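Undergrad: Single-letter residue listing:
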Amino acid sequence: MNRFDYVRAGTVAEAVQAYGAGARFIAGGTNLIDLMKYDVEKPGRLIDITRLPLDGIEAHEGGLRLGALATNAKVAYDDRVAAQYPLLRNAILAGASAQLRNAASTGGNLLQRTRCYYFYDTATPCNKREPGTGCPAIGGVNRIHAIFGASESCIATHPSDMCIALAALEATVRVSGPQGERTIPFADFHRLPGDSPEIDTNLAAGEIIVSVDLPESKFPQHYTYLKLRDRLSYAFALVSVAAGIELDGDTIKTARLALGGVAHKPWRNREAEALLEGKPATRESFQQAADLIVSEAKPQSANGFKIDLARRAIVRGLEQAAAGTPQSLSDKRIQ
Amino acid sequence: MLLEHSPPVRADTGLAITLTINGQRRELQVTPWTTLLDLLREKLDLTGTKKGCDHGQCGACTVLVNGTRVNACLTLAVMKDGAEITTVEGLAGLGNRGGSNALHPIQEAFIEHDAFQCGYCTPGQLCSSVGLMNEGHAHSREEIREAMSGNICRCGAYTNIVDAIEDVMQGAAR
Chain E
0 MNRFDYVRAG TVAEAVQAYG AGARFIAGGT NLIDLMKYDV EKPGRLIDIT
50 RLPLDGIEAH EGGLRLGALA TNAKVAYDDR VAAQYPLLRN AILAGASAQL
100 RNAASTGGNL LQRTRCYYFY DTATPCNKRE PGTGCPAIGG VNRIHAIFGA
150 SESCIATHPS DMCIALAALE ATVRVSGPQG ERTIPFADFH RLPGDSPEID
200 TNLAAGEIIV SVDLPESKFP QHYTYLKLRD RLSYAFALVS VAAGIELDGD
250 TIKTARLALG GVAHKPWRNR EAEALLEGKP ATRESFQQAA DLIVSEAKPQ
300 SANGFKIDLA RRAIVRGLEQ AAAGTPQSLS DKRIQ
Chain Y
0 MLLEHSPPVR ADTGLAITLT INGQRRELQV TPWTTLLDLL REKLDLTGTK
50 KGCDHGQCGA CTVLVNGTRV NACLTLAVMK DGAEITTVEG LAGLGNRGGS
100 NALHPIQEAF IEHDAFQCGY CTPGQLCSSV GLMNEGHAHS REEIREAMSG
150 NICRCGAYTN IVDAIEDVMQ GAAR
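Protein sequences appear in the order of chains E and Y.
Once you know that position 237 of the first sequence is 236 in numbering that gives the first Met the number 0, the rest is easy, because the numbers rise by one and skip nothing.
Once you know that position 82 of the second sequence is 81 in numbering that gives the first Met the number 0, the rest is easy, because the numbers rise by one and skip nothing.
By construction, these hints were calculated from the structure, which means they are not laboratory data.
All figures in this text were calculated on a predicted structure; none of them were measured in a lab.
The C-beta atom is built at its ideal place from N, Cα and C for all residues, glycine as well.
Be a bit skeptical, because a hint or two may be false.
Claimed, not checked - Only some residues are given here: those of chain E computed to face chain Y with a beta carbon under 10 angstroms: (1) 7; (2) 97; (3) 98; (4) 191; (5) 195; (6) 250; (7) 253; (8) 304; (9) 333.
Let's have the full structure, built from the sequences with the hints guiding it.
TA: So this is what it looks like as structure tokens:
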């Protein structure tokens, strides 16, 4: 690990003030310290924000405000989250391990970096780690890589489970920085790689996430987080589906669907969501939506299997959500 | 690297922090890049906590920070200033056993259920088990297995580890 300055901030303003080129904010540290051990991240300064008063969870405009420093475990086991946003709870608990969820923060979860092997391996080129050096994942070992929204510069995927649920729940990210406070709709928070894959999000330099705000709950019953991976626990998604449905009898009133493990950001397709609305909640409707979504998929040399996997996961996820039988967190059989 | 608007805070000689480790208050000087794991093992001779992967993937370094289980390898010691740390060396001292040499119930249960072979992952498994019981979210065997998935055992003692945890949880419930 490289040597760095350490600053412990007492207020958000102090933290923003301490920021400069090469600095990083640190909260849970579960991703940043790991990356520092690999010399992927080499910050000149760490600004410890764990003492800021941002770990609360409170009612906010009919929904819930999750403080940026609330740990993943605290959010997942909050009674209000369990009752109103079980989709978020299940997505969080599908990710990482209990130890990591006890340390990892809400804000930090949004800022996780890709687990692309080449990004982590400083002996190889990587446009995300060293812009302009190339992407050996293209044509290389790319079984885990993106099938949606990739570019010629980068085919990495976004690693978070929590963020896939937050995309489906249409959360808002509140940030504070040198220019003051602003809010970012979740769909605009993460970005596609384009020709600047070194930039994961639309957070500006020196900005800190202060909260993630959830709108009024719409999917307390009809939801699922279905995560498919190489082992049954403690592994990143090959494909995951966060689905929330509002039903009017047997008719779909609202549908929200986000996919994980398939793109540089949580992947949503508004056309597919619109297609579902007003349709009967049947397998046929779900298949139409799934076909529409995967029609945009572009495989790499070794991840073509993800297209059919995604199609089937979308249908199964929507079936689970419609039936009100979300994927179990401990019984991993997919019903 | 120094920034213009802020005084230098790099501390090659170390920053002063206080940790209570296994009930003992310690005044320490640590460099900011020292992980809690390296502090325990290299500076304090508490080598019960093991370094496996050093990347948060194996759980061998699991300790309790204020009663909550975390990976010591992904924790900077300086960030835990003021915290209470419990390592495997301190488990027997939990629960007011008044100076006796008795093991923690989970340690006795691991022996009883043959819940290890080589023993390398065991300190992490033990601390993780205590953390799991403190959390109180896992009840069934399936839930215990899922909640222990951050602790890898390459000898494959998983079934017996779950038996041991279940035994202690049932004992506590009796």
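Undergrad: Should the interface hint for residue 195 of chain E be scored as holding, given a Cβ-Cβ cut-off of 10 angstroms against chain Y?
TA: 24 angstroms, violated
Undergrad: Hold the hint about residue 97 of chain E up to the distance rule: shortest CB distance to chain Y must be less than 10 angstroms.
TA: Holds, about 5 angstroms.
Undergrad: A closest beta-carbon separation below 10 angstroms is what the hint needs, so does residue 304 of chain E meet it against chain Y?
TA: Not OK, violated: residue 304 of chain E not within 10 angstroms of chain Y, min 24 angstroms.
Undergrad: Per the CB criterion, is residue 98 of chain E less than 10 angstroms away from chain Y?
TA: 5 angstroms, holds
Undergrad: Have a go at the residue 333 of chain E hint: is there a Cβ in chain Y nearer than 10 angstroms to its own Cβ?
TA: 15 angstroms, violated
Undergrad: Should the hint that residue 7 of chain E touches chain Y count as held when the rule is a Cβ pair under 10 angstroms?
TA: At 8 angstroms from the nearest chain Y Cβ, residue 7 of chain E passes the 10 angstroms test, so the hint holds.
Undergrad: Given residue 250 of chain E as an interface hint, is its Cβ closer than 10 angstroms to any Cβ of chain Y?
TA: Because about 35 angstroms separates residue 250 of chain E from the closest Cβ in chain Y, which is outside the 10 angstroms limit, the hint is violated.
Undergrad: Can you verify the interface hint for residue 253 of chain E: is its Cβ closer than 10 angstroms to any Cβ in chain Y?
TA: 31 angstroms, violated
Undergrad: When the nearest CB of chain Y is found for residue 191 of chain E, is that gap smaller than 10 angstroms?
TA: 28 angstroms, violated
In this structure, the hints that do not hold are numbers 4, 5, 6, 7, 8 and 9, in rising order.
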